[in-house]
Amino acid sequence: MPAPLKVVIVGGGTSGWMSAAALVAGLPPGLCEVRLVESDEIGIVGVGEATLPQIKDFNDHIGVDEADFMRQTQATFKLGIEFVDWGFKGSSYIHPFGVHGKPLGGVPFYQYWAKARLNGRVDDLGDYSLPIVASRQNRFAFPSTDEDGLSSNFAYAYHFDAHLYARFLRGFAEARGLRRTEGRIVDVTLKPEDGHIASIRLESGEVIAGDLFIDCSGFRSMLMGQALGVGYEDWTPWLPCDRAYAVPCERAGALTPYTRSTAREAGWQWRIPLQHRTGNGYVYSSRFISDDEAAATLLANLDGKALDDPRPLRFQAGRRETSWSRNCIAIGLASGFLEPLESTSIYLIQVAITNLLKLLPGRAIDPALVSEFNRLIDVEYGRVRDFLILHYHLNGRDDAPLWRYCREMPVPDSLKSRMALFEHRGHIAKYKDGLFQPPSWLAVFVGQGLLPAGYDPLVDNVLQEHILRELDQFRADVAQTVEEMRDHGGFVADFCAAPANRPLSSRVAS
Amino acid sequence: MSRPVRNVVIVGRDAAAWLTALGLKRAFGRQGVNVTVLELPSMVRSADVLVGLPTLEGLHRLLGLDTDDMLAATAGAYALGQQFANWSQARPPFVHAYDTHGAPIHRIDFLQHWLKARSEGMNVPLEEFSLGAAAAKHGRFVVHGDATSGFSKARAGYHLDASAYIRLVRQKAIELGVQRQAGKLGEVVRSDSGIVSVSLAGGEPLAADLFVDASGVDAVLIGKVLEQPLESWSPWFGCDRVLVTSGPKLNPLPAMSRISGFKAGWIGMFPLRDRTPVVAAYDSRRISDAEMLQSASVLCGMRLGDAFVAPCEPGMRSAPWTGNCVAIGEAAVVLEPLDAASLHMIHVGLSHLITLFPVSAEAMLEAEPFNTSMQNHARNLRDFQIVHYRLNGRLDEPFWDRARETPPPPELAAKLDLFAARGAVALYDDETFQEENWASVLIGHGLIPRGYDPQVDTLAPDELIAAFQRMLGFIASTVRDMPSVEAQLELFAPLPSNASF
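Just so you know, the sequences run in chain order A and B.
First residue of the first sequence: 1, per this note's numbering; consecutive thereafter.
First residue of the second sequence: 1, per this note's numbering; consecutive thereafter.
Rather than coming from a laboratory, the hints here were simulated on the basis of the structure.
Virtual Cβ for every residue (Gly too), placed ideally from N, Cα, C.
Just so you know, nobody snuck in bad clues.
Derived CB-CB ranges, DEER-like:
| # | chain 1 | residue 1 | chain 2 | residue 2 | range |
| --- | --- | --- | --- | --- | --- |
| 1 | A | G106 | B | D66 | 14 to 24 Å |
| 2 | B | A460 | A | A364 | 17 to 27 Å |
| 3 | A | R179 | B | P235 | 53 to 63 Å |
| 4 | B | A361 | A | D303 | 52 to 62 Å |
| 5 | B | P92 | A | F495 | 50 to 60 Å |
In isolation and in its complexed conformation, chain A is listed as follows (with noise of 0.2 Å):
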């Protein structure tokens, strides 16, 4: 077997522990020799404290415990998101994970639902979703896998708090030879034939060489963008909002098993519940509210009293032209921001990571790998930044300048024509990469207030009673199903409650 490839990571963090963990555990062992630099010094942003349900598939493939890591990082379960205020205000969606409905006749649910609305049906889409209705009534319970079955057809994410997962990760990755050095990067030497990174220097004199250099340093991007000067591809006219305040609060009601965003005059605030506490955060655009109202405006929205004073983030939308240029790849913040608004922050994390272990040079680094990789990348982004700008864009709010804007700005072609065509027969096209199948454009469209005015022409093959027949019984039969299910509440403390919240009781008897 050839030597092990050296990697050198830079930055601790989400991006930087996960990469770690994965190259150490889901790598056979011998293949690569990895390091982790990073300084004390420098706080890390981990505002990502809510996944997506992918996050799962990566835990399971480096062999992380479910209910273990649960219990170390006050995670929670999570079944989707709900929007307060997007779209007009007063209203309220969630965006669950799973589809609403089964399709009939190989025609998606709610081109059926569609019909009955137009011919006067009064109802909620949400209620043929399992996931939602359960996060209505803060209920959980995981996937069957019976995949017939309705239970089957959702999945779920974490809330957890970013900072323990990073620390989870550190103890998995050192317990598998993963060796840390604790140091400021100084210097970055560059080799003077292609330009790759030869080494970083540490504060303490000492250089560490390596053949792949993984840029986890978050916004700075010390190698992406400082050693190598890629550069930033501004988002900012789609996604204008520049800061945000993050603080957490004091729990306080039933643990609601979704994550909740509400649009607020120049931004949105997001709520996120875990075993200990409630992250919350402002995420607002600074050409449209001061520092100081946006923190009095995060503060008095507050389910509990705040623990901490509120915390300022400031970031650009956008991100950076390639991820992987030279021996050098970016991933997390380094190689792009885009507002935490889907959760998606820790998603571009791991599909980097994946499609790096799929795509895994030697020591000689093929360009043939280095252009698929950014074109796999280029594609996540691209599809992420398009459904966040749906968001913004589709919104009948004129309470506030910042909604007018958004509502007016020019949006990508491909976008517009996905909007155009939902609108005028309830068709969303798939795609092949990249995150947010049709239903999530679903959620989003019907709930900000987009609705079909025609439907697919399939769906009048079936009649109308027996279309509201299986409406009828789908949405009483989530009903039922999700009776069976548990409070979250007590679903998480019975399967994963972090030491110091365990009842007393138990932690008596262990």
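On the provided structure of chain A, position chain B as indicated by the hints.
Same frame as chain A, now just chain B:
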């Protein structure tokens, strides 16, 4: 809601016209959509064959056709893949089977292990690890069981007599209520938004909400009336003629198509149960029609019947759906009669038209996603065909030297680069062929990747050898127990004369 589409007029002929008529009538007839075919004189010759991929079964389901009945009525036969011979002077023939190769070892794709073993001197060809290829070479049909279904995705494609197939589809369509008028095209009245009416010579004008151009390369509506140009793809191909003829039945019946390169093109045999259709694509500047006919007999090693020659210019119209007119089949996209492309493009066009059947006769927004998807499908399939030319190994023959030296389209160039680097396949939106098909053809034509996934290096060589031997043993013993394609056809789709007693 605006005025719905109630009347569809299909102007065309042969498979594209009748499959579309049957498909639309079956999908929308119940709700009162009228479908009329203005049938132009057929361009099908007695020797013609239709070649289907395994997915043809899906089209048949959509149309309410029983594939076994179709096989019986058309003296049809199974093709588990295609053999390519003489595409290189140095390389042996290979089989592109509709199947995967081997099974993953430690979650790593089999191809990666094969590449490593090959780089260390193993000389077992990739296709030896494909159950479908083994069956194809032995004239057998893969009947899946518990043991095979985890290892192989082998499925059969089809060879069908074109005249008999079209006759049957036409009959089904008419039984279902499709109206038919036959003759030559008369006047077409157009407006700014498309077509108002069409008539046959000497006939009454027929108005409709939606027109389908299924007239083949004539493209009487989309090309001649709506003036959508054909973007030519000829430079990547080089053949400008197709000859079709037929020889006697082969005994035993092969389980695959056989495509053979020669100095000025390629010639293929597509066996049926009562005869053997032969198709040759060639460059008429390098070989005359008469020479081609003579050579065909020699190249196939059999006596051949009547021959028919037609021009062939691959290309596509970038907006096959323009206004209220949708082109299906060769009116929209022309590919070489290779890799089952012609019938497959009809299938793709029709199934997209059903999925995107316009909801309004006034505003057909569906044209945009339809055109995008058709362009993707056509270009991906075109690229698959270009591979045969680009990677040929017939050195010092001007036709083939030119084909080898023509730079491929950019998406294909990226695909070839990635595969050459590490045996990975970049799949784009709307691909007909999947990783295993691309790998089979790329490797078969001699594009051996220079690298492989470094994870493979962590495996002990003994483990690898043992796994390979198990797979080869499994394939050998499984193929031995399979029925011949002839026996399988006799059981499920017997020819009418044999079924009579």
